[in-house]
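J.: Please model the complete structure; the sequences and the hints are all you need to start from.
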Amino acid sequence: MSAVLLIAIPILAAFISIIVKKWSPYMLLFVSFGLVILLGYLPFEIITIGGFSAPYGISLVVDNYSYTALYVVNVLFFLVAIINVCNYKKLGTILLVSLAGLNGLMLTGDLFNLFVFLEISGISAYIITTTNKKPLATFNYLVAGTVGSILYLLGLIILYNMFGTLNMQDMAVRIAASGATDIEVALPFLLMFIGIGVEAKLLPFNSWVKGILGHSNKLTGPMIAGVYAAASLFVFGRLLTEVFVISDTFMLIISVILAFSILAGEAMAYSSTKVREILLFSSIAQAGIAVLIFVSGFTGYAVLFISLNGFSKVVLFLIINHATEVVGSDEVIDLKGLFVNNKLVGASFTATVLSLLGLPLFAGFFVKMGILSQLFSSGDYVFPAIILLSSVVEGVYFVKLLTKLWYKEDNLPQVKFELPLVYLVVVISLLLVVFGLYFEPLHEQALVLVNHVKGVIL
Amino acid sequence: MIISILMGISVAFFGFVLQTSIAGVNRKIIGRVQKRYGPKWYQEFLDIFKLLSKRSVTHGWIFDFGVIMALGGIIATAMFMPITNDLMAFPGFDNFFIFVYLIAVGMLGMAMSASGSGNPLASIGVMRALTTMLAYEIPFMIIVLTIIKLTGHSSLSEIAMFQQTAVAGLEFSGTWFMIALPVGFAVAFLSLMGMLGKKPFETYIAPAEIASGPMVEYGGKQLGMLFIMHEITVFIEVSLFVHLFLGGAENIWIFLIKYFLVYTSVNLISNVNGRFKIDQVVVFFYKWPLLFAVMQAFVAIYLGWVI
Amino acid sequence: MASLEFLVIIALLGGVLAYLVGKLSKVVGASLTVLVSGFIFVSVAYFGLNGSLDASITYLPFVSFEATDLYLGTSFGILVTFIFFMVSFFNPYFVDKFKYPSLYSMFYLFSLAGVLGVFFTDDFLVLFFFFELVVWTSLFLIPLGKSKKAASWYYGFSAFGSFSLLFAIFVMRNTAGSFNINDGLSMVGGSDQILVFILLMVAAFAKLGAFPLHIWLPKVLGNSPDPVTSVFSGGLEKLGAFVAVMGLVKLAPVGPVIEAIDMALGQYLIAILGALTIVFGTLMAIRQDDAKKLIAYSSMSNGGYILVALTLLNDTSVSGALYHVLIHALASTAAFLAIGAVNRQTGTTKMSELGGMIHKMPVTYIVYLIAIISMAGIPPMGGFVSKWLIFQSVINEGMILIAIATFFGSIGSFLYVFRPLAALFLGQELPEFRKVIKEAPFFMLLPMIILSGLNIFTGVHPSVILQYINNVLAELGVTELGITTWTLSGNNGDLYPALIAVVFGVGVVIAFIIFIVLKKSRKVDLMDTYTAGNFVYTEELLHYSVDFYAPIERLYEKHINIMKDFYKGIAKKVQEFGSFVKYFFFTNKPEITVLWVVIVLGILLLWGDLL
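Chains as they are written, first to last, in the numbering used here: chain A, 1 to 458; chain B, 1 to 307; chain C, 1 to 611.
Don't read these hints as lab results, they were simulated from the structure. Don't take each hint at face value.
Cut-off 20 angstroms, straight-line C-alpha distance, at most; resulting in silico cross-link-like pairs (SDA-like, lysine to any residue) [unchecked claim]:
hint	chain 1	residue 1	chain 2	residue 2
1	C	Lys148	A	Thr130
2	B	Lys198	B	Gly24
3	C	Lys250	C	Asp183
4	A	Lys400	C	Lys589
5	C	Lys360	C	Lys250
6	A	Lys336	C	Lys148
7	C	Lys435	B	Gly60
8	C	Lys523	B	Phe65
9	C	Lys589	A	Thr130
10	B	Lys199	B	Arg32
11	C	Lys23	A	Val340
12	A	Lys336	C	Ile570
13	A	Lys336	C	Glu439
Here are a few chain B residues that face chain C, going by a calculated C-beta distance under 7 angstroms [said to hold, decoys possible]:
hint	residue
14	Ile2
15	Ile5
16	Ser10
17	Arg55
18	Ile75
19	Met127
20	Met133
21	Met141
22	Ile148
23	Lys149
Note that CB positions come from ideal geometry on N, CA and C, so glycine has one too.
T.: What follows is the structure, given as structure tokens:
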């Protein structure tokens, strides 16, 4: 089976679904489920499209990295889709397009092609977020997203001008061969960094997040905070590890942005009183950490971190957004006592949060230890300190949130969770526990991905 | 062992008799100071035996149990007290800390019994007693720390021996700490007044104010036992002072003289004073005495300036 | 042979089982905690004392246990599992008051598993794993009580502490190349060593609730359910002491040596902080109205003693510190359990609302009395021995300022421990409790009586235990304490604890004989007291329990909130920072975002040019 199918099938299905609108939700489910299955048969290869060989044609790369990324994104996508398919029937087509776009993002080995997929997935994201019924926020997202992709394009043009290639690996080779100084390539990289940074929610380019996730529903919340966030971070990782040459100045700039992103993200979450805002600001900080790990060169743990984070955010947003829809408010005070009658959901929520905080018996612990261990090994004491400090703040507001959601005497919010959602969150949180106890597979995966960075591709 | 214990009991009894007589003599002396005759010297004995013979009331088992614990604890403490260099029940185990802490059992027993009486005045008295204790103990302990650090012993008799004879090679030995640490002596003397509950630190008894404080509910044998306990307590505290600062005693007569002098001077000074309020007591002790105590300790331990 | 791995698994599985059983019957689930913790205590104690604990690992991934040099870990392990076992007797009686009873039983045993892991491992990462396990499992026990906020305070400080520990662990790993505890502590040097020292101390302070990281302690201990409070005070706080031993004794002293007192600067600073802890805890304990908070602050000040003693690094001080760990665990657990028993019977721990409990709960009273005698360091209880050892070393080093604090804390403890005794147990018997109150049930009394027995035993015959502590000292490389069967030798004198007890007994017998031969007293009512001519008919008016130490409190009550305000200030600053960032970056206008992008780009480009 060819990797092209991962893009082609959803696009094709999208076209068909325009013709037979009634089928679109079922096609969505069928296709996204099918893709998850098909992924199992995906060989590791580099596919060139259009018959031209690597630097000239467009290539799709299937390696350890993109394979993991594809798996995570597709599975998450499928899970989000299965929960929401009945409520948002009209969106079937768009979701199929966005699936194609996301898969493209994960697969492509070509910088310009990446831009195209960025736009495809971006546009479908804009449309998906219209279901929030907050047009202004969507408009903001659109403007910010477009500015981001233009900056990316601008950087790309400069690079093309300098090195005459668009292929990622070829670019890396040529930069190395041309002897260009780090400073010379810093500008285009910086432009591209900011461009992707918009989508990956790095401060200060992410003002759209509050409008979108702050009013998200059961579809957009998990989709944007879970699936899209994971996808954009994977793209970031691809660029940071394979293309970018990071000079000292550039590193300093990125470090400042990331440190600010992490600390400010946690501080903002701490100062929020709305549950959705707490979650979204915390995910800003998490995104900062993920990019930080990529920049430091620990791809394996970054991938694990992003994957766990993606799954966790899906659980958290699903639960909270469902409750918000029922209660009609996402203020912590209004949701107080939410889990008193929904113990199973509450337990999943709690387990997920604990995993997010990196506490033992949950998968998050292992990943966090891995990350810190790698950072310390590289002799860096500043970033671990920042991460640890931010975890303290994170812990405090999450614990506050948990105690509030678990304890209230009377006048409880009347929220019922449907069975599929309950199954989903329980299964994911159980997996977090299982991998927390049995983390050998995670460890192996991390090692595989570490080896990948050492240049398996070329 | 049995001999030692019997010895200890006789020390406690000796203390009781000694202090009760000296207290009687002191009443006479104070009387003369105030231009009256004063009672007979054995008046205190009469009071105690009268009380012991009377039938009294009790407020429940803790009321009685506390009294027993109080007297028992104090007797136990007195049993460890050395009188002269050789006259003591348990040589080598007359550790300073035993006196400070074992005496607290007695105090606790009395406080417990007083609170158990259900009279708020008693509780107020206990509160004041404990607060006063918090005030005077700290400067006192600092001075004792200095002494222990200089002598290298915490045993009372060893400290006394240290002051009695100058031993070659042993720094500071041969002088009474009253002279060697004059500032410390002054501080400790003030603390002793606090310990004995003498004016101006008698806030916790304050007869006109809280009706004798902890003692308010007692009568008959309980009061009599507490009187005994009080006399022995005074014996312990004054002898502690004699051993720590006045070089102990080679024989019993010297002990009697030193004891009498210390107790009488405390009494005389206290009789020209008014009474502090309880928070004034705390502020008083934590101001100059504590400061001087620390100064004395600093000078003596780190600089080695000892007269 | 008992395998440690097996015990950890038992605790974890027992927890799950207790949860499942608890779903069917709360009380049975809670009773299961008694069985499991009892089993674990007995195995740890029996095999630990025989030196035959099996450290091999077959099932658990990545965990490893120490095979040799076990004394320190074993002594802590035995103590804390014992406390867990004793307190677990209370669980069945309290569990029906909790909102999530079966969860309680589960987390109770999970914390126990965590504790086992911390004390017995030889690997820092494993230590951290269990350390954090203890943190989060115990975290969920707290909000089952009165306050929900206490949990977040606890997590904040604990996380700060455990992340410092983690940081230190990784710094040591970078030097030693492995996570081995002894290697790490012995090999680290230079500026890294100072860093590790500071970080370990932060961890120890946070866990022990020492100044200035003490804010959580009274909140948690005052507001948790009663069994949890006891476990925290007697058991989990001791994790802090364990870390303190690592940082102060196992790690080489840090900083230049101060000649006058022959002590490294680092140790001295910790001693100063320990002294502040003592003073602060004492002052705060004096003014509490809630009996649990009062004992909580006393726990804090006792933690200060442990720290001060550990900094001194000689035979009397270290053995004093370790003995004090034991004494304080026994005494404070007994005190908390006694107050917990009162709480169960009356529903309150506020001293201003209680009075005269002694008439209905005499056994509880005696237990509390023995516990506070030990806590105040009065013979013939254990507290005297440990305080004596600590005073010996403080005086021997000639540390005047530290001595002021230790004396102050010691005398101050008379003040505060007496307060619940007077206000809660003694005084007038309040009418609302006169009819309804009974003595606590037998199985609640049992652990309290056992603890009281140990409180006395540790005071009368400490040599047995100090002998074991000498093994720990040898393991830590400290000179061993001189002990004979009955006496202890300090730096400037000997102590004969049993003699004191005997003499005390003789004294009491004499007093009793005097009492009994004299005329019998007539029993009168508590209300039949001297009231200076007033007629008072209500018990409350004759019960002096509100603002007991008002005169002394007045002297410092203006300054009590300094540290609390400081931390609240930090929290507020974080919040303000968050709101500030939100205000500037998260507007509803996309042009502002674009503006930020341009500004950032501009600044960074100019900067890049200059470089």
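J.: A separate judgement is required for each hint: does it hold in the structure or not?
T.: Quick rundown of the hints versus the structure:
1. Proposed proximity of lysine 148/C and threonine 130/A is contradicted: the alpha carbons are some 38 angstroms apart, above 20 angstroms.
2. Under the criterion of a C-alpha separation no larger than 20 angstroms, the hint pairing lysine 198/B with glycine 24/B is consistent with the structure, at around 16 angstroms.
3. Only pairs whose Cα atoms come within 20 angstroms are accepted, and lysine 250/C paired with aspartate 183/C is accepted, the gap being roughly 10 angstroms.
4. The hinted pair formed by lysine 400/A and lysine 589/C fails the criterion: a straight-line CA distance of about 31 angstroms is larger than 20 angstroms.
5. As the CA atoms of lysine 360/C and lysine 250/C are separated by approximately 49 angstroms, the hinted pair breaks the 20 angstroms bound.
6. Our distance criterion of 20 angstroms between C-alpha atoms is met by lysine 336/A and lysine 148/C, whose separation comes to about 12 angstroms.
7. For the suggested pair lysine 435/C and glycine 60/B, the alpha carbons sit about 18 angstroms apart, so the restraint of at most 20 angstroms is met.
8. Our distance criterion of 20 angstroms between C-alpha atoms is met by lysine 523/C and phenylalanine 65/B, whose separation comes to about 14 angstroms.
9. With a C-alpha separation of about 17 angstroms, the suggested pair lysine 589/C and threonine 130/A falls inside the 20 angstroms cut-off, and the hint holds.
10. With a CA separation close to 18 angstroms, the supplied pair lysine 199/B and arginine 32/B stays within the 20 angstroms bound.
11. Among the hinted pairs, lysine 23/C with valine 340/A is consistent with the structure: their alpha-carbon atoms are about 15 angstroms apart, no more than 20 angstroms.
12. Under the criterion of a C-alpha separation no larger than 20 angstroms, the hint pairing lysine 336/A with isoleucine 570/C is inconsistent with the structure, at around 26 angstroms.
13. At most 20 angstroms may separate the alpha-carbon atoms for a hinted pair to count; lysine 336/A and glutamate 439/C exceed this at roughly 38 angstroms.
14. With its C-beta approaching chain C no nearer than about 10 angstroms, isoleucine 2/B sits outside the 7 angstroms limit, and its interface hint is violated.
15. Hint status for isoleucine 5/B relative to chain C: holds, with the closest Cβ pair at about 6 angstroms, below 7 angstroms.
16. A least Cβ separation of about 12 angstroms between serine 10/B and chain C goes past the 7 angstroms threshold, and the interface hint is therefore violated.
17. At a threshold of 7 angstroms, the smallest CB-CB gap from arginine 55/B to chain C is about 4 angstroms, leaving the interface hint in force.
18. A least Cβ separation of about 4 angstroms between isoleucine 75/B and chain C falls short of the 7 angstroms threshold, and the interface hint therefore holds.
19. The closest approach between the C-beta of methionine 127/B and any C-beta of chain C is roughly 6 angstroms, which is under the 7 angstroms cut-off, so the hint is satisfied.
20. Because the closest C-beta pair between methionine 133/B and chain C is about 6 angstroms apart, less than 7 angstroms, the hint holds.
21. Here the hint on methionine 141/B is kept, as its CB sits about 4 angstroms from the closest CB of chain C, short of 7 angstroms.
22. Residue-level restraint check for isoleucine 148/B holds (minimum Cβ-Cβ distance to chain C is 5 angstroms; threshold 7 angstroms).
23. For lysine 149/B, the shortest C-beta to C-beta distance to chain C is roughly 5 angstroms, which falls under 7 angstroms, so the interface hint holds.
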